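A.B. asks: Read in order, the letters of the sequence shown are residues 83 to 385 in this note's numbering.
None of these hints come from the bench; they were simulated from the model. Bear in mind that the values here come from a model prediction, so they are computed numbers and not experimental data. Be a bit skeptical, because a hint or two may be false.
[To be verified] Cut-off 30 Å, straight-line C-alpha distance, at most; resulting in silico cross-link-like pairs (DSS-like, lysine-lysine):
{"#": "1", "residue 1": "LYS158", "residue 2": "LYS172"}
{"#": "2", "residue 1": "LYS158", "residue 2": "LYS242"}
{"#": "3", "residue 1": "LYS89", "residue 2": "LYS202"}
[Said to hold, decoys possible] Label-pair restraints from in silico Cβ distances:
{"#": "4", "residue 1": "LYS238", "residue 2": "VAL164", "range": "15 to 23 Å"}
{"#": "5", "residue 1": "GLY175", "residue 2": "ALA283", "range": "42 to 50 Å"}
{"#": "6", "residue 1": "ASP114", "residue 2": "TYR162", "range": "20 to 28 Å"}
{"#": "7", "residue 1": "GLU111", "residue 2": "PRO133", "range": "16 to 24 Å"}
{"#": "8", "residue 1": "MET142", "residue 2": "HIS166", "range": "22 to 30 Å"}
{"#": "9", "residue 1": "PRO140", "residue 2": "GLN94", "range": "34 to 42 Å"}
{"#": "10", "residue 1": "GLY136", "residue 2": "PHE373", "range": "40 to 48 Å"}
{"#": "11", "residue 1": "HIS166", "residue 2": "PHE373", "range": "41 to 49 Å"}
{"#": "12", "residue 1": "LEU383", "residue 2": "GLU188", "range": "39 to 47 Å"}
{"#": "13", "residue 1": "GLU257", "residue 2": "LEU383", "range": "21 to 29 Å"}
C-beta atoms are modelled at their ideal positions from N, C-alpha and C, and glycine is treated no differently.
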Amino acid sequence: MADLSVKIGELQMKNPVMTASGTFGYGEEYADFVDLGRIGGVIVKGTTLHPREGNPYPRMAETPQGMLNAVGLQNKGVHYFVEHIYPRIKDIGTNMIVNVSGSAIEDYAETASIIDGLDKIPAIELNISCPNVKQGGMAFGVTARGAEEVVSAVRKVYHKTLIVKLSPNVTDITEIARAAEAGGADSVSLINTLLGMAIDAERRRPLLSTITGGMSGAAVKPIALRMVWQVSRAVQIPVIGLGGIMNARDAVEFLLAGASAIQIGTANFIDPCVTVRVAEGINDYLDRHGFKSVSEIVGALEV
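Based on the provided sequences and hints, a complete structural model is requested.
C.D. replies: Rendered as structure tokens:
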């Protein structure tokens, strides 16, 4: 059996397979279907400083080879997480990582600081695709300056592994990745969802209450692969790839493109056991091609 272990910053993982935030709850919801101890990490749903109700229904819609969502970061806030959810998930046998969101730099920093005190949470993933209310709703992650500012603020108060999740809805994602690296990120993960919409032609109305939403699923994979390849060549920190990974072959493609680890999102809704299947499939690929460790194929694309 090949060595599947991966290190992202100070985060040590038994294999490169993680779950994408918002698609796997807090991990415990999937415990009846999959042995969570067999995957590298679980990134829990987005957590904010204050409780959020999320967007009105309908907020999910199926599309060809994918889906749209506009859940709106519904959660009960970081203090509820610390008091009620953390005690339930802290002893799960894998890396439990919290996705942190906010609408102001101060919110991000305070939330990260609170999570910094939780012994069994070894890393956070910073979602910088959130609208900055002080800048008229423009997402932090669509400008290099905005990205570096929020990452720097969090880096000052957060002392463990800091992963920054990048938005694909930008002109040059490498510029944003370099800004996150300059701000102190240990790793970048990409891509977050693409902005899309769906229409009910008979009713002449949008399918989502918010009109537009985030598109994920198999259809976005070619775009995600391209961006992972570009970013892996632009930064020195590890890249975590996600976007349309449905099976082990998809995961291997992301590793070859330069990702050190991967996340699985939408596929969890189709097959709750997909994460373990992908980890096993990566091992099979390494064995078939005579590789002794997963690190040998990271960025091994021949161009």
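A.B. asks: Would you mind marking each hint as holding or not holding in the structure?
C.D. replies: Evaluation of the provided hints:
no. : hint                         : verdict
1   : LYS158 to LYS172             : holds (18 Å)
2   : LYS158 to LYS242             : holds (24 Å)
3   : LYS89 to LYS202              : holds (17 Å)
4   : LYS238 to VAL164: 15 to 23 Å : holds (21 Å)
5   : GLY175 to ALA283: 42 to 50 Å : holds (48 Å)
6   : ASP114 to TYR162: 20 to 28 Å : holds (24 Å)
7   : GLU111 to PRO133: 16 to 24 Å : holds (20 Å)
8   : MET142 to HIS166: 22 to 30 Å : holds (25 Å)
9   : PRO140 to GLN94: 34 to 42 Å  : holds (41 Å)
10  : GLY136 to PHE373: 40 to 48 Å : holds (43 Å)
11  : HIS166 to PHE373: 41 to 49 Å : holds (43 Å)
12  : LEU383 to GLU188: 39 to 47 Å : holds (41 Å)
13  : GLU257 to LEU383: 21 to 29 Å : holds (22 Å)
Taken one by one, the earlier hints all hold for this structure without exception.
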